[in-house]
Amino acid sequence: MNRIKTLLAEPLVLASIAILVLLAAGELLSPGFARGDQITRLLTVAAILGIAAAGQSLVVIGGREGIDLSVGALISLGALTAGNVMSGSNGAILPAVLAAGGVTFAIGIVNGLGVTALRIPPLVMTLGMMGVIQGGLVVLSRGAPSGNAAPMLMSFVNQPLLLGLPGILFVWALIAVAMWFLLRRTSFGYAVYAMGSNERAAALTGMPTSLLRTLLYGLSGLFAGLTGVCVIGYTGNSFISVGDQYVLPSIIAVVIGGVSLAGGAGNYFGVMLGAIALTLLQSVLTTLQLEFWGRQIIFGAVLLGLMLLYGRQKQLRV
Amino acid sequence: MTGMAMVLRGRSWLVTLAALLVLVAVNGVLQPNLFTGNVLKSNLTVFLPLVLVAIGQTYVVLAGDIDLSVGAIIALVNVVTVAVINAVGNGVGAVLLGVTAGLLTGIVSGLFNGFLVAVMRFQPIVTTFATGIIFSGMALWLLPTAGLPVPAVYWRTYSGSLLGLPVTLWIFALALLLVAILVRRPFLTHLAAVGGSRTGAFQTGLPVARIRIQGYVLAGLFSAFASLCLTGETASGDPLMGRMLALSSISAVVLGGTALAGGSGSAFGSVLGALVLGMIGNVIFFAGLPFEYQTLVQGLITLAALAGGILVARR
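Just so you know, the sequences run in chain order X and P. The numbering used here puts the first residue of the first sequence at 1, with every later residue one more than the last. The numbering used here puts the first residue of the second sequence at 1001, with every later residue one more than the last.
FYI, nobody ran anything at the bench for these hints, they're computed from the structure. Don't take each hint at face value.
[What the hints assert, rightly or not] Computed spacing ranges between beta-carbons, pair by pair:
no., chain 1, residue 1, chain 2, residue 2, range
1, X, 119, P, 1093, 53 to 59 Å
2, P, 1292, X, 91, 27 to 33 Å
3, X, 237, P, 1292, 16 to 22 Å
4, X, 41, P, 1089, 49 to 55 Å
5, P, 1146, X, 10, 34 to 40 Å
6, P, 1156, X, 88, 52 to 58 Å
7, P, 1146, X, 91, 33 to 39 Å
8, P, 1236, X, 155, 58 to 64 Å
9, P, 1292, X, 203, 39 to 45 Å
[To be verified] Partner residues are not named here, just some residues of chain X that face chain P (Cβ under 10 Å, in silico):
no., residue
10, 114
11, 119
12, 121
13, 132
14, 142
15, 252
16, 260
17, 262
18, 288
19, 292
20, 302
Cβ atoms here follow ideal geometry from the backbone N, Cα and C, with glycine treated the same way.
Just chain P, same shape as in the assembly (with noise of 0.2 Å):
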């Protein structure tokens, strides 16, 4: 094994990194305005959903598990959000108030998965479709159609700065640091070993269950605050919002390394992974490719992007 080999294993977001350096450098090329403040803003803020939904997948992926609802999970959250928020007022109250709703929205959808996946011991795959369909139901049923707008400011703070710097970069930073602390937690241990061998961690005492409905709790929450910042993108409820995200977080999350089987990865990878993700978007938009084979190169590259770290991080 050469030395190169020995750095890379069981580090396959090294190659992410890179990629994403790549992907960076191309882009500043074909857009040479890439590094002014603005549109490395509009950037953050295009890809900070994908990045948030990808973080709380990754928790589910490591114990094992998946979770495909996180899509609908974000139009539950974001309609709950905005019907609470015109429920009571457009106030700076009703505000925070819908917010809450929109966490705890989350956090339940979490826990009813977990619930039906871990105590249940239902299908995780087909658990996560059927409960996605439900939720989504119930987001048409709360707000049958787009509208419903939010107040003022709830988007002029989404969009907006703090202490100089966008909120934007702010909650990118926080998403972070929660990711920093939850890794010096024994509960990312005891996630990786529910994953790595479930009978084993059972074996050890470790309350699999519980430790698996907090991995699909993360998620819901994950879900929750990627529909918080795409609600302050779109300024409205929408019961459809967030469809593409579930597959694609799961893209991310095997981007970053972590492996579907369960029982290793890391969450910090997924966010490369998600970056990478839009930053292919970015390219291919910038490359002045034919508008119709745009979604044809996307999707090569991004196979070509799975397959290569699986192949890099199994050497």
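Just chain X, with the same shape it has in the complex (with noise of 0.2 Å):
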């Protein structure tokens, strides 16, 4: 009975259950609904989420409260960015990637000496950060849609390429592997977990916290503008407020896949693991047919549900 309790305790395991249960759900409901193309797709989206979630999980993980509510606004800019940078040519793929990534990057770096440097509360630094990237897009963008996938862009998130699989599978498995080796296979990785768990310990080891978090939040930044890229060659054109939607889900994705928000533990699959959790969930909900509000008060409640699992913080009784 313990060694079931300790195991349910683990995130991994609990996201993986989570999963299977909603995947039979959403059988049982719409015969079809676990069919390899339907799940291929439903892992596209999560794909975009989890690359998000990537960037807000290394910021959690970094400690000291880390939080990213700009991430929302840098998938806008991203988006928009790629978007007029290719403006529908397949050849400006490459040079529309890097202008995407280099500005949120640049954005996410700023961010960071906010935090840092200045030492404002993350969430009240990127959440200031969300309000002026957001006046940045009304300029840029003059409230517009504005912006063109490139054809080619939009078949490598939208249609098989390999194995049946469209292309941004094989970049979401790309970046998990770049994750695990980052955290898990190099000094800086350790580092992060170090100054998450105990910043004053890991600064008077003599580790440059100050710089390894501006990196997070830098870092944070990039996979942003590289959701940006994902969603408008998902959609195929961007407007101002597309990445909102990612926020919270963002940070969701993160809690489920058992990172703690107080820092310092956790690792990236488990929060993949999580994004495909929350999008299944939202596709489930979808499927029911149920009218937006009913869905909703379900998302809430499951997402309660979870907390009760995994979001709960210590006791004071010790």
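Using the hints, put the two standalone chains together into the complex.
Shown next as structure tokens:
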């Protein structure tokens, strides 16, 4: 019994169970839900959220109440930049990716400098930055949808590339390996965990914590920019609030994936499962053909249920 | 440490006050009729909802928590109030019943948040995001689309005057009075103690969970006040009301010098913060900037103000 309990407390196990239950529920509600091509479709949507959540998880693992509320605006900015740089031409995909990633990385670094050099709480810094970027987006686009995805990018995201899977899934897998390598096989990764669990101790052992943290926010920006490229590849064009819907889901995927919001613990594989579970949940709720309000209430209730399983904080009585 | 820094220590709301005065002066130059009764009244009507939500948010933040669901509570309270008024009839009695139902809705929503965060020990950010989804789902269930008017007696009273002063000014004054009363209660000290050191407060024997719940209930109640004001302004039911107010209220609280980590700050500061946010919008509007630059400049000034306030408070 105890062993089952320990196993169930493991976020990876829990998220996997949640995914299987949701798949079964979907198949029951609408036969064909768990068909191969449907699952591929779901994974594509989950990949977009998962890439955004990669940056979010880095910032959260880094500790000191790390959080990035500007990812939504950065995703919109990435999509807008990429869309305008490539404007429908296949040859300009690489410059578009570089431009989107470069701009959002730079803004992420500014977030990081605000958090480290000026010691502004991350929630406030990234919230303020969100407002600035949204303002910038209005200036850049004048409020109208703009930019066009190149056909090649669209088929890379939406059409099968290899083994029946679209290219974006291979990108996601590559990012997963990169995240694992970064966090578990480099001194950078170990420093991030050390800093997340005890910043003072990390600083006293000589780690450049400010530099590390600034980089984490830069990486969060970079991942948001890449997510923006995927979003425009998925939908074809972009509008200024296209990324807003990813802000809180990226945080929830991180929490479901077993990354503690207090920092210093968790890994990206859990976050990937979290992103898949979250996408599946939304999809199952859509299949239910409920009214929008019903879906909302169930979505909120399931989130609370997940919190019951592993979003709980330590008891005060020791 | 210079004398100036001594005065400012722990009183970053003084900087917010100075910023507010500067903004009022700039606004006065840009808009010469600012200080006429009508313009002041319409400004207050616009600022009042955020002021009220920011006051409520302060009590949650003081205890070291956060409430992202206040925007959804505003929508739910609005919809409940309007639905009750329309179900009962359109008289004064119906309005009073509707307002009571609205206030109760706010309190119950706050209780629900507080229970989940303080008793169940759920993480506040994700929890209040989730409850916010539930609250707005319920608002959409009760009223799928905007519409359903409130009787004239409601919005006429709200936009009218009492003893020669606008009703909105009375509400503003009453809110400040409520804050002033709370300042004198031991409750506020307990709240700050819980936010400053949860373990310490627990070991002193404070009922930590109850105090945190009370913070959330106050946030729910003040959100309900804000919602009733917005309802007086729009005179109808709107299940999407108050969308942006959750994040703005956090900005206002931070601008007012309350530490997000909890433990120190004041609701008066948040009132100043909310007024500053409102005045930034005013000044930008009257500065005659091209429309597409207004959001950007507003974002930049807000970020600068947030950063500046925190830097000054630390000196």
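Tested hints:
Distance hint check for residue 119 of chain X and residue 1093 of chain P: the Cβ-Cβ separation is about 55 Å, which falls inside the suggested range of 53 to 59 Å. Against the hinted window of 27 to 33 Å, the Cβ-Cβ separation of residue 1292 of chain P and residue 91 of chain X comes to about 31 Å, which satisfies the hint. As the Cβ distance of residue 237 of chain X to residue 1292 of chain P is approximately 19 Å, the hint placing it in 16 to 22 Å holds. Take residue 41 of chain X and residue 1089 of chain P: their Cβ atoms lie about 51 Å apart, and the range 49 to 55 Å holds.
Range check, residue 1146 of chain P to residue 10 of chain X: about 46 Å between beta-carbon atoms, so the 34 to 40 Å window is missed. For residue 1156 of chain P paired with residue 88 of chain X, a C-beta distance near 56 Å keeps the hint of 52 to 58 Å intact. Separated by about 47 Å at the C-beta atoms, residue 1146 of chain P and residue 91 of chain X break the suggested range of 33 to 39 Å. About 47 Å separates the C-beta atoms of residue 1236 of chain P and residue 155 of chain X, a value inconsistent with the hinted range of 58 to 64 Å.
Take residue 1292 of chain P and residue 203 of chain X: their Cβ atoms lie about 44 Å apart, and the range 39 to 45 Å holds. Using the Cβ-Cβ criterion of 10 Å, the hint placing residue 114 of chain X at the interface with chain P is satisfied: the shortest such distance is roughly 7 Å. At a threshold of 10 Å, the smallest CB-CB gap from residue 119 of chain X to chain P is about 7 Å, leaving the interface hint in force. With 10 Å as the threshold, the beta carbon of residue 121 of chain X comes within range of chain P, its nearest partner Cβ sitting at about 5 Å, so the hint holds.
The restraint placing residue 132 of chain X at the interface with chain P holds, with a minimum CB-CB distance near 4 Å, inside the 10 Å limit. With a cut of 10 Å, the hint placing residue 142 of chain X at the interface with chain P holds, because the nearest CB-to-CB distance is about 5 Å. Taken as an interface hint, residue 252 of chain X checks out: its beta carbon lies about 6 Å from the nearest beta carbon of chain P, inside 10 Å. Evaluation of the residue 260 of chain X hint against chain P yields a held restraint, the C-beta minimum of about 9 Å falling below 10 Å.
With its C-beta approaching chain P no nearer than about 9 Å, residue 262 of chain X sits inside the 10 Å limit, and its interface hint holds. With a cut of 10 Å, the hint placing residue 288 of chain X at the interface with chain P is violated, because the nearest CB-to-CB distance is about 14 Å. At a threshold of 10 Å, the smallest CB-CB gap from residue 292 of chain X to chain P is about 6 Å, leaving the interface hint in force. The criterion of a C-beta within 10 Å of any C-beta in chain P is met by residue 302 of chain X, whose closest approach is roughly 9 Å, and the hint holds.
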